[in-house]
Structures are given as C-alpha cells and as structure tokens.
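Line by line, the protein sequences are chains A and B.
The first sequence lines up with residues 8 to 209 when you count with the numbering used here.
The second sequence lines up with residues 120 to 332 when you count with the numbering used here.
The set of hints was computed from the structure by calculation and includes no laboratory data.
Accuracy of the hints is not assured; some may be wrong.
[What the hints assert, rightly or not] The list that follows gives simulated cross-link-like pairs (lysine-lysine, DSS-like), each with its CA atoms no further than 27 Å apart: (1) B/Lys147 x A/Lys124; (2) B/Lys142 x B/Lys210; (3) A/Lys124 x B/Lys142; (4) B/Lys210 x B/Lys147; (5) B/Lys142 x B/Lys323; (6) A/Lys124 x B/Lys323; (7) B/Lys210 x B/Lys269.
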Amino acid sequence: MNSFVALSPWDWFDLLTHYAMLSLLSIGGAITTAPEMHRYLVDEKHWLNDDSFSSAIALAQSAPGPNVLFVALMGWQVGLNAGGGLAGGFYAWSLGALGIVVTMTGIMLPSSILTYKATRWSHENSNLMSVRSFKSGMAPIVIGLLISTGWLLSASHSDWSLDWRLWLLTAASIVIMLRTSIHILWLMAAGGILGALGFLSA
Amino acid sequence: MHLEHPSKPEGSASEHSLELPLKQPQSKTEMFVVFTLLALQGVGGVLAVAQREMVERRQWMTKTQFVEEWSVAQVMPGPNIVNLSLMLGGKYFGVSGAIASVAGLIVIPMFLVLGLAILFGGVSDSPAAQGALKGMGAVSSGLIIATGLKLATSLRQSPLGLWFSSFVAIASFVAVGIFRVPLAWALLSLGTLSVAFTFRALRKLQTESQLKP
C-alpha cells in the first residue's frame with residue numbers, strides 16, 4: 008500500500024482537467040496515453056506507485072470489459088490512498104469512488120461528446136462525397152490496423168523455442184474463428200485451461 | 120489504381136448486400152444489455168466479440184457498415200469500443216441511447232474489475248493464473264487477427280477495388296505491426312492518401328453514371 012497522500016479539492020480538479028485533456032488526445036484508445044498518465048500520477052504527483060500503476064493496466068487487460076477500465080482502477084487507487092488505504096473504512100472507500108468518477112468522467116466525456124457530434128454530423132451528411140470517401144477510404148487502413156493489433160499481441164512472444172505453443176494456439180484460434188461459429192467464450196476458456204494446466208509453457 | 124467494381128455507381132458506399140435484411144434493436148434497455156454482455160465476453164479487448172454480435176448474431180449491420188463505423192470509432196479520440204457503442208446507441212435512440220450503450224459497456228464490468236482488485240490486489244502471481252492469462256492472451260490475439268481477416272472480405276466492395284484496397288491494408292499492417300509506426304502517424308499519412316484516392320474513384324464513378332443515364 009502507498010504512503011498516505013492528502014488530496015485538496017484543487018488536486019481533484021487538476022486530476023479531472025488533466026484526464027479531460029488526455030481524453031482528447033486518446034486516438035486509438037485511452038491506453039495510448041498511459042505513458043503520460045504514468046508521468047503525471049507516478050512521477051509528478053506521487054499519487055500512485057509504479058506497482059499499482061502497472062497492476063491496474065495488467066488487471067484491466069486480463070479481466071472482461073473494455074481496457075479503458077484501467078483508468079477507473081487508477082482513480083480508485085488514488086482516492087483510496089488519499090483516504091488512508093483499504094483500512095481507512097468508509098471515508099477511504101468514498102474517496103476511491105470519487106476517484107473513479109473523476110478519472111472516468113475526465114477520460115470519457117470530452118472524447119464521447121466529440122465523437123457523438125461528429126457521428127451525428129456524418130450521418131446527416133452521409134451523401135457528401137467527402138464523408139463517403141472518408142469512410143470507404145479509411146476501411147482498408149482500419150483492417151490493417153486490426154491485424155497488426157493481434158500481431159503485436161502475439162509478437163511479444165518472440166522466442167520460438169519457448170513460445171511455439173502460444174503461436175500454435177493463436178493460429179488454431181484464427182482458423183476456428185474463421186471456420187466455425189463456436190462461441191468466443193469457449194475459445195477463451197480453452198486457452199485459459201490449457202495455460203493454467205501448464206501445457207503452454209516450456 | 121483500377122476500379123474493379125463499377126457495379127456500385129450510387130448508394131451509400133456500403134449496402135447492396137445479398138444477405139438477410141438487417142435487424143434493429145428494440146429499446147434502450149436492449150442496448151444496455153447487449154453491450155453489458157458484449158463487454159463481459161471480451162477479455163483483453165472487446166472488438167472480436169463486437170463484430171460477432173453486431174454483424175453475425177444480431178445482424179444490426181453488414182460487414183462493410185461495421186468497418187465504416189469502426190473507422191470513425193478509430194480515428195476519433197476515446198476508446199474505440201466506447202465510441203462504437205455510443206455511435207450505435209445514438210443512431211437508434213439518440214443521446215439517451217448512446218448513454219445506455221456506454222453505461223452497458225462500463226458499469227457492470229467496472230464493478231467486476233474493482234471487485235477483483237479489492238479481493239486479489241491485482242493479477243495473481245501463481246503459475247496457474249499466469250499460464251491461464253497467457254493462454255487467453257494467445258487466443259485473444261488470434262480472435263482479433265481472424266476478425267481483421269473476416270472484415271477484409273468487405274474490401275471487395277471498396278471503391279478502390281479489391282487489389283488496391285488490399286494493398287493499402289497490407290501497407291498499414293506493415294507500418295504499424297512490423298515497423299511500429301505510431302498509430303497517429305499511420306492514420307494521418309496512409310489515411311490521407313487512401314481517402315484522397317477513394318475520393319477520386321468515387322467522383323469518377325459519379326461522372327460515369329451521369330454519362331450513362
């Protein structure tokens with residue numbers, strides 16, 4: 008647990024505006040601004056330590072739900088620390104809740120309003136040549152980006168002699184996903200069980 | 120660049136599918152529930168599940184429409200899946216639909232993640248848990264790649280033609296996946312080029328269709 012940090016109302020406001028600014032920069036997802044969040048929360052303000060920062064990201068990525076929830080976990084942790092940690096009782100828990108509300112509002116509201124307005128506009132003007140060109144023209148790029156996301160996730164296993172099992176599993180799930188309409192949860196469960204039983208490690 | 124598909128001179132660059140007619144969500148509650156279920160199924164990202172649910176199971180949109188909506192979700196700031204959900208909610212039910220969809224995506228999964236954080240303090244270090252995470256990660260990257268490949272079949276309807284649009288898709292994969300070019304740069308450079316070519320192709324189609332009444 009972190010050492011005790013007190014947050015003034017001004018600090019909360021700073022947190023909100025900082026996340027609101029990051030929201031507008033978060034093209035490709037909130038995770039793209041994680042380095043800046045680290046600089047702000049850990050290096051500059053000392054509201055979080057390195058461990059809780061990385062574990063928030065790791066947990067949000069391995070749990071169900073959108074990855075942006077790592078922001079909620081960080082907000083929770085910041086508030087909780089400000090209230091004296093889990094042992095701080097109701098006071099700490101409410102500050103944790105406040106942390107979630109502040110960070111999630113900050114990271115989601117500005118980008119959501121912008122996206123909503125932009126989409127409304129593009130639906131109303133969907134016959135404009137520029138709107139049609141944009142949507143059809145971006146399609147191949149977005150498809151390429153998707154495949155690279157999947158690729159980058161597997162490319163972190165770079166040692167063939169150790170990781171060939173993981174690559175095999177990835178390849179198998181590509182084929183199964185393309186050829187069958189089996190429920191995605193079954194595939195995930197199979198991967199999880201194989202891993203838990205140690206079939207995937209050397 | 121050649122136009123392999125002069126078959127689509129008019130229309131919103133998307134439809135003309137021979138598939139079943141599209142369906143529609145019935146209520147905001149349905150949006151909330153659908154996005155909650157969608158979020159709970161997605162470990163390490165929700166995109167593969169979204170494509171499955173929206174296009175294949177619920178048939179709210181065609182593959183082409185999905186890619187087009189996803190393009191917008193991708194270039195706007197904010198989490199892609201959050202953007203997609205609020206765009207869809209807004210399309211069917213306005214602002215309150217958008218809020219219902221995003222809430223579905225966020226609220227229940229958030230309590231779940233928070234519960235895990237409080238109970239276990241993070242991700243467990245035990246070899247079994249780490250192994251399970253690795254296994255699920257490997258599956259999930261496979262699912263994302265498969266989703267990309269599936270959506271790639273929609274490029275047949277691209278105004279750029281199948282070959283040229285596939286080339287652009289491969290170029291963006293090589294740039295970001297292999298050479299690790301930052302996303303914003305890839306979107307800006309390749310995106311501008313691709314949109315400009317598409318604009319030219321669409322205009323050519325338009326003038327051709329005006330010449331041939």
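How the hints compare with the structure:
Restraint check for lysine 147 of chain B and lysine 124 of chain A: satisfied, since their Cα atoms lie roughly 19 Å apart, inside the 27 Å limit. Restraint check for lysine 142 of chain B and lysine 210 of chain B: the C-alpha separation of about 13 Å stays at or below 27 Å, so the hint holds. The straight-line distance between the Cα atoms of lysine 124 of chain A and lysine 142 of chain B is roughly 25 Å, inside the 27 Å bound, and the hint therefore holds. At most 27 Å may separate the alpha-carbon atoms for a hinted pair to count; lysine 210 of chain B and lysine 147 of chain B meet this at roughly 11 Å.
For the given pair, lysine 142 of chain B sits about 33 Å from lysine 323 of chain B by alpha-carbon distance, which is inconsistent with the 27 Å threshold. This hinted pair does not check out: lysine 124 of chain A and lysine 323 of chain B have alpha carbons roughly 30 Å apart, beyond 27 Å. Among the hinted pairs, lysine 210 of chain B with lysine 269 of chain B is consistent with the structure: their alpha-carbon atoms are about 24 Å apart, no more than 27 Å.
Hints 5, 6 from the list above are not met by this structure, while the remaining hints are.
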